[in-house]
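Novice: Using the working numbering, read the sequence shown as starting at 483 and increasing by one per residue.
No lab work stands behind these hints, which were simulated from the structure alone.
All residues carry an ideal CB built from backbone N, CA and C; glycine is no exception.
Treat each hint with caution, since some may be false.
Unchecked claim - Derived DEER-like restraints, expressed as beta-carbon distance ranges: (1) Ser-529 - Ala-605: 39 to 49 Å; (2) Ser-529 - Pro-611: 49 to 59 Å; (3) Ser-620 - Pro-484: 39 to 49 Å; (4) Gln-625 - Glu-493: 21 to 31 Å; (5) Ser-511 - Gln-625: 26 to 36 Å; (6) Pro-484 - Cys-610: 46 to 56 Å; (7) Met-483 - Ala-598: 33 to 43 Å; (8) Arg-506 - Leu-604: 29 to 39 Å; (9) Lys-500 - Arg-641: 19 to 29 Å; (10) Gln-597 - Ser-529: 38 to 48 Å; (11) Gly-526 - Ser-612: 53 to 63 Å; (12) Leu-604 - Gln-485: 16 to 26 Å.
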Amino acid sequence: MPQHIRIKIIEMASNGIKPCHISRQLRVSHGAVSKILNRYVETGSVSPGQVGFLLRNFEIILMKQLLLRLWDVVFLISEMERNRGLTAILEKYIYLKFIYKSQIGGNPRSRLAIQAVEKHILALKAKCPSLCASELRSCLIEQEICSAENAPTVSSINR
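The task is simple: from the sequences and hints, build the whole structure.
Specialist: Okay, structure coming up:
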């Protein structure tokens, strides 16, 4: 794979773009994106082949924790720039952390993620029982609980 594509993968990931979206946009397999991101986290290199040095385990763990904390800071700053209230920011942050943890090592639309969206739908219905399914779907997208691509369909909300 060309070096400029490898660098683009790292840039997109550091901007918060999910690996599945990176693979679609760059037309690269999800496995290749995953390997490059893991290699970058573990070694700091995007180059193919052996690097010639290996980081010790505690350095790898430290680097992963640092990257996760960096994502947290970037997320919070971007939400504050959108002038959201602190409560809304914290709710979304906790929700996204829950979704992220439920996706590790499994299908991105895992049952835990689906249950979290279902809970939000029930909460919206409790607040406004008169909302129809299409309005509920719009609320999920507006509140950034789901994107337009992965929001549940109107028929699945009606079920």
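Novice: For the pair Lys-500 and Arg-641, does the Cβ-Cβ distance stay inside 19 to 29 Å?
Specialist: holds, 27 Å
Novice: When you take the CB atoms of Gly-526 and Ser-612, is the distance between them in 53 to 63 Å?
Specialist: holds, 54 Å
Novice: Can the suggested window of 38 to 48 Å be confirmed for the beta-carbon pair Gln-597 and Ser-529?
Specialist: holds, 41 Å
Novice: Quick check on a hinted range of 33 to 43 Å for Met-483 and Ala-598, using CB atoms only.
Specialist: holds, 35 Å
Novice: With 16 to 26 Å as the target window, see if Leu-604 and Gln-485 comply at their CB atoms.
Specialist: violated, 48 Å
Novice: With respect to the beta-carbon atoms only, verify the hint that Ser-529 and Pro-611 lie 49 to 59 Å apart.
Specialist: Once the Cβ atoms are compared, 57 Å apart, the range 49 to 59 Å for Pro-611 and Ser-529 holds.
Novice: Please test the hint of 29 to 39 Å on the beta carbon pair from Arg-506 and Leu-604.
Specialist: holds, 31 Å
Novice: When you take the CB atoms of Ser-529 and Ala-605, is the distance between them in 39 to 49 Å?
Specialist: holds, 47 Å
Novice: Can you tell me whether the CB distance of Ser-511 to Gln-625 sits inside 26 to 36 Å?
Specialist: For Gln-625 against Ser-511, whose Cβ atoms are near 33 Å apart, the range 26 to 36 Å holds.
Novice: A range of 46 to 56 Å was offered for this pair. Does it hold for the Cβ distance of Pro-484 and Cys-610?
Specialist: holds, 51 Å
Novice: Does 39 to 49 Å hold as the CB distance between Ser-620 and Pro-484, or does it fail?
Specialist: Taking Cβ atoms as reference, Ser-620 and Pro-484 lie about 41 Å apart, which means the hint holds.
Novice: Assuming the hint says 21 to 31 Å, is it satisfied by the Cβ distance from Gln-625 to Glu-493 or not?
Specialist: holds, 28 Å
Taken one by one, the earlier hints fail for this structure only at number 12.
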